[in-house]
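Asks: Chain by chain, the residues:
There are 2 protein chains.
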Amino acid sequence: MTERRFLLPDREMPTAWYNVLADMPSPPVPFLNPATREPISPDMLTPIFPMGLIEQEVSTQRWIDIPGEVIDVLHQYRPSPLHRAVRLERALGTPARIYYKYEGVSPTGSHKPNTAIPQAYYNKQAGVKRISTETGAGQWGCALSLACQWFGLECTVYMVKVSYFQKPYRRTLMRMWGSEVLPSPSDRTQSGRDALAKDPDSLGSLGMAVSEAVEDAFQHADTNYSLGSFLNHVLMHQTVIGLEAQQQFKMAGDYPDVVIGCCGGGSNFGGLTFPFLGEKFRGEKQGIRILGVEPAACPSMTKGAYRYDFIDVAKLTPLVKMHTLGHTFMPPGIHAGGLRYHGMSPLVSQFVEEGHVQPVAVPQVACFQAAELFAKTEGIIVAPESSHALRVAVDEALKAKAENRETAILFGLSGHGFLDLGAYESYLDGSLVDYELPDEQIKATLAELDGDLSFA
Amino acid sequence: MTERRFLLPDREMPTAWYNVLADMPSPPVPFLNPATREPISPDMLTPIFPMGLIEQEVSTQRWIDIPGEVIDVLHQYRPSPLHRAVRLERALGTPARIYYKYEGVSPTGSHKPNTAIPQAYYNKQAGVKRISTETGAGQWGCALSLACQWFGLECTVYMVKVSYFQKPYRRTLMRMWGSEVLPSPSDRTQSGRDALAKDPDSLGSLGMAVSEAVEDAFQHADTNYSLGSFLNHVLMHQTVIGLEAQQQFKMAGDYPDVVIGCCGGGSNFGGLTFPFLGEKFRGEKQGIRILGVEPAACPSMTKGAYRYDFIDVAKLTPLVKMHTLGHTFMPPGIHAGGLRYHGMSPLVSQFVEEGHVQPVAVPQVACFQAAELFAKTEGIIVAPESSHALRVAVDEALKAKAENRETAILFGLSGHGFLDLGAYESYLDGSLVDYELPDEQIKATLAELDGDLSFA
Numbered sequence: 024m025t026e027r028r029f030l031l032p033d034r035e036m037p038t039a040w041y042n043v044l045a046d047m048p049s050p051p052v053p054f055l056n057p058a059t060r061e062p063i064s065p066d067m068l069t070p071i072f073p074m075g076l077i078e079q080e081v082s083t084q085r086w087i088d089i090p091g092e093v094i095d096v097l098h099q100y101r102p103s104p105l106h107r108a109v110r111l112e113r114a115l116g117t118p119a120r121i122y123y124k125y126e127g128v129s130p131t132g133s134h135k136p137n138t139a140i141p142q143a144y145y146n147k148q149a150g151v152k153r154i155s156t157e158t159g160a161g162q163w164g165c166a167l168s169l170a171c172q173w174f175g176l177e178c179t180v181y182m183v184k185v186s187y188f189q190k191p192y193r194r195t196l197m198r199m200w201g202s203e204v205l206p207s208p209s210d211r212t213q214s215g216r217d218a219l220a221k222d223p224d225s226l227g228s229l230g231m232a233v234s235e236a237v238e239d240a241f242q243h244a245d246t247n248y249s250l251g252s253f254l255n256h257v258l259m260h261q262t263v264i265g266l267e268a269q270q271q272f273k274m275a276g277d278y279p280d281v282v283i284g285c286c287g288g289g290s291n292f293g294g295l296t297f298p299f300l301g302e303k304f305r306g307e308k309q310g311i312r313i314l315g316v317e318p319a320a321c322p323s324m325t326k327g328a329y330r331y332d333f334i335d336v337a338k339l340t341p342l343v344k345m346h347t348l349g350h351t352f353m354p355p356g357i358h359a360g361g362l363r364y365h366g367m368s369p370l371v372s373q374f375v376e377e378g379h380v381q382p383v384a385v386p387q388v389a390c391f392q393a394a395e396l397f398a399k400t401e402g403i404i405v406a407p408e409s410s411h412a413l414r415v416a417v418d419e420a421l422k423a424k425a426e427n428r429e430t431a432i433l434f435g436l437s438g439h440g441f442l443d444l445g446a447y448e449s450y451l452d453g454s455l456v457d458y459e460l461p462d463e464q465i466k467a468t469l470a471e472l473d474g475d476l477s478f479a
Numbered sequence: 024m025t026e027r028r029f030l031l032p033d034r035e036m037p038t039a040w041y042n043v044l045a046d047m048p049s050p051p052v053p054f055l056n057p058a059t060r061e062p063i064s065p066d067m068l069t070p071i072f073p074m075g076l077i078e079q080e081v082s083t084q085r086w087i088d089i090p091g092e093v094i095d096v097l098h099q100y101r102p103s104p105l106h107r108a109v110r111l112e113r114a115l116g117t118p119a120r121i122y123y124k125y126e127g128v129s130p131t132g133s134h135k136p137n138t139a140i141p142q143a144y145y146n147k148q149a150g151v152k153r154i155s156t157e158t159g160a161g162q163w164g165c166a167l168s169l170a171c172q173w174f175g176l177e178c179t180v181y182m183v184k185v186s187y188f189q190k191p192y193r194r195t196l197m198r199m200w201g202s203e204v205l206p207s208p209s210d211r212t213q214s215g216r217d218a219l220a221k222d223p224d225s226l227g228s229l230g231m232a233v234s235e236a237v238e239d240a241f242q243h244a245d246t247n248y249s250l251g252s253f254l255n256h257v258l259m260h261q262t263v264i265g266l267e268a269q270q271q272f273k274m275a276g277d278y279p280d281v282v283i284g285c286c287g288g289g290s291n292f293g294g295l296t297f298p299f300l301g302e303k304f305r306g307e308k309q310g311i312r313i314l315g316v317e318p319a320a321c322p323s324m325t326k327g328a329y330r331y332d333f334i335d336v337a338k339l340t341p342l343v344k345m346h347t348l349g350h351t352f353m354p355p356g357i358h359a360g361g362l363r364y365h366g367m368s369p370l371v372s373q374f375v376e377e378g379h380v381q382p383v384a385v386p387q388v389a390c391f392q393a394a395e396l397f398a399k400t401e402g403i404i405v406a407p408e409s410s411h412a413l414r415v416a417v418d419e420a421l422k423a424k425a426e427n428r429e430t431a432i433l434f435g436l437s438g439h440g441f442l443d444l445g446a447y448e449s450y451l452d453g454s455l456v457d458y459e460l461p462d463e464q465i466k467a468t469l470a471e472l473d474g475d476l477s478f479a
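Going down the list, the sequences are from chains A and B. Take 24 as the starting number for the first sequence in our numbering and just add one per residue. Take 24 as the starting number for the second sequence in our numbering and just add one per residue.
There's no promise every hint is true.
Because identical chains cannot be distinguished in the list, a pair is counted as satisfied if it fits within a single copy or across any two copies.
What the hints assert, rightly or not - DSSO-like cross-link-like pairs, simulated, lysine-lysine; straight-line CA separation at most 27 Å: (1) Lys466 <-> Lys399; (2) Lys147 <-> Lys399; (3) Lys221 <-> Lys338.
These are computed hints drawn from the structure, not numbers from a lab.
Excised from the complex, chain A in its bound form:
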């Protein structure tokens, strides 16, 4: 009987995060101050981030110790299991060995608490009383709510108004974990009041919610802001995923030939793959392929430009060099809400540009088909985001079958889909569609950048 699950005992959870900045072949590209076009200095971030996190953002130290209090909290659900997908392999009739690292075991159901917990910790250490953040459908807001609850911090979540009213369940979860949840635009901030004055019935947007959360943090000395993906320190916190997977592959007596993760802002992807990339950069392992999967409806890596752009719609942030569709790009309403972002983490973008990461774009119906097969074989209902990585893992396994080739595939199963069953209902009813995304639309939003940012 083939072993099905590889469980690490608590004491074997990693005690340090892996920082890929120590090993990457070329240095990271600096963030720029949009006013001066000069690299920003760390102290420009102190009004909204604690120094502990700012230091991690720019550190080039390879291993950064996870504080004991953070380890203690991570043990509520970590290490997470590595599974061998034996039933999926059989259904596909493939000689490939398929593994998945399952982050749906966290209390919020995704990988997001892996960074929410240390972010809450460092803010608590810095004497902060409250954290503000934005959330779309609610996955990040849930993780930060729980983390703040665990460290005795208050948490204010600006939730895009249309999701606040149409997807109430994650709002309920955030309230259960003790957060104040406001529909954005709200009357709590000037940005929100301005938006409501212009349109009292505004449904909000993620860009609007970011502006409110950042303004809230700027306006209150006891309040910081928190971001759930994209930045270096966020990706680094997620490396517990890949580090555990490496130990679990040793238990399995195997090593992946290909590692696959879905990419929204890049934190799930970076967390899973950077420890493997590091082994490659250091020359300890050769030949491993790293695939980053994005939705065909929001193809920043495969169709975007690699250039400087803003992180947010309201242009409050520094300029970052990344793969982008333009910060005014509005992706179609695919169900994988966590992958609907105009840009990509600068580290992931740089690795794509330098050929270390191979990007792949997939349409959503094909992802849900893979998710249905996975439900019927492995049992787990995957989040729509995770189904993108799964789709590519299945395709890799089918290629191996066609070539009658043994291979070991690892994909990141970043979360479960119990709060996405409306999407599955559409799929089963046949009303789920793929969106056509005309190249002209991407060209148009990128062209808008060429006014202010023509230097980039």
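With chain A's structure known, arrange chain B on it following the hints.
Replies: Same frame as chain A, but now just chain B:
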């Protein structure tokens, strides 16, 4: 740092179920044929159950080997973790050590697959092609759907019509796992057609759905019926829960002074507690207390009669001696749908009657209060059913605090609440209420039994 999780490796999962019939001090009370009032013989059950399960229903062998194929499937999610609730202990300021066995890690989110899997297996072995069953909110229907999918069986689920339309998410899950789901009453059976002729707008009931599923199995030679709780073999399949917990307590170097489970039909409760009861019956351990928790709105054990009654509303089943509120009892609409049953497993009832199990009834608002505290400390959103066991565990820990007494408490966390967030929303909004259940209502439904069943 106190150890937080006790994880058994796959190879240490139990390989035999524990059958409490081997050790119980007095023999089990027989089921009766309602027509003759004579004990029923096993062969009367063959039209709807496979012989493998009928033999287990009446066996007095202490250990019954789990077939290899069943173990192989259980390894998709078992062994399940035992957690020490350190954060909850701290929040309560109790000297008690609180442990919970967490069954929410199964793909369907509850303990139900533990019996759905062997039931599907024995039906497959018997050459059955299809299984019919009923489901209320859908927890049992989900588990059987997945199990049938794994063993290549078709599955037809009669789902109470009001839930089919008002709680579509578990219906979606059952369809993802490949089942046909019908709103009951349906036009597929005579019982359904009769009900629709009488009232085309009937919302259905669990009793109606049972009648349809049983009729379906009786009418088709290739189809069997499956029950998700109540019967001896179902409780026995669930003993993997308690057996694993016993091994995990050895890892923890501890042993529970009290074991607490919620009781609907009795399968979660029996699965957790019977292995501990067995140690007590065999004289290997003394002093352990076993608490069975039911909702105050459906108090079969604390306010029902111990007497013969039907399992179902339509009186299609044998007569069973049990704690019952009368098979015509309609419990108020509490959110713990899995605990809304007029009777109780005959084994659990007998242990209550003989003093081995102490029943406790709790109102729902107090259960949700405990669930909120649990979410804020341990992170997990518990199913409303499981919150009943949690409430009593918290009460036990508070008693220990008042008496400044160390004690070890184990409760069964039978499932997560991600599909019950509407109930949590009512709780947070303050609209959740406790139901007054007048003793007269219970007296009335019990009095109805005294016509046909006055002998009992």
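Asks: Please go over all the hints and tell whether each is borne out by the structure.
Replies: Taking the hints in turn, this is what the structure says about them:
In this assembly of identical chains, the alpha carbons of Lys466 and Lys399 never lie at most 27 Å apart, being 41 Å within a copy and 47 Å across copies at closest. For the homomeric pair Lys147 and Lys399, the shortest alpha-carbon distance between copies (17 Å) is at most 27 Å, but the shortest distance inside one copy (44 Å) is not. Taking the closest pair of Cα atoms, Lys221 and Lys338 come within 27 Å of each other only inside a single copy of the chain (19 Å); across copies the shortest separation is 65 Å, beyond that limit.
Figure legend: structure checked against the earlier numbered hints; the only hint not met is number 1.
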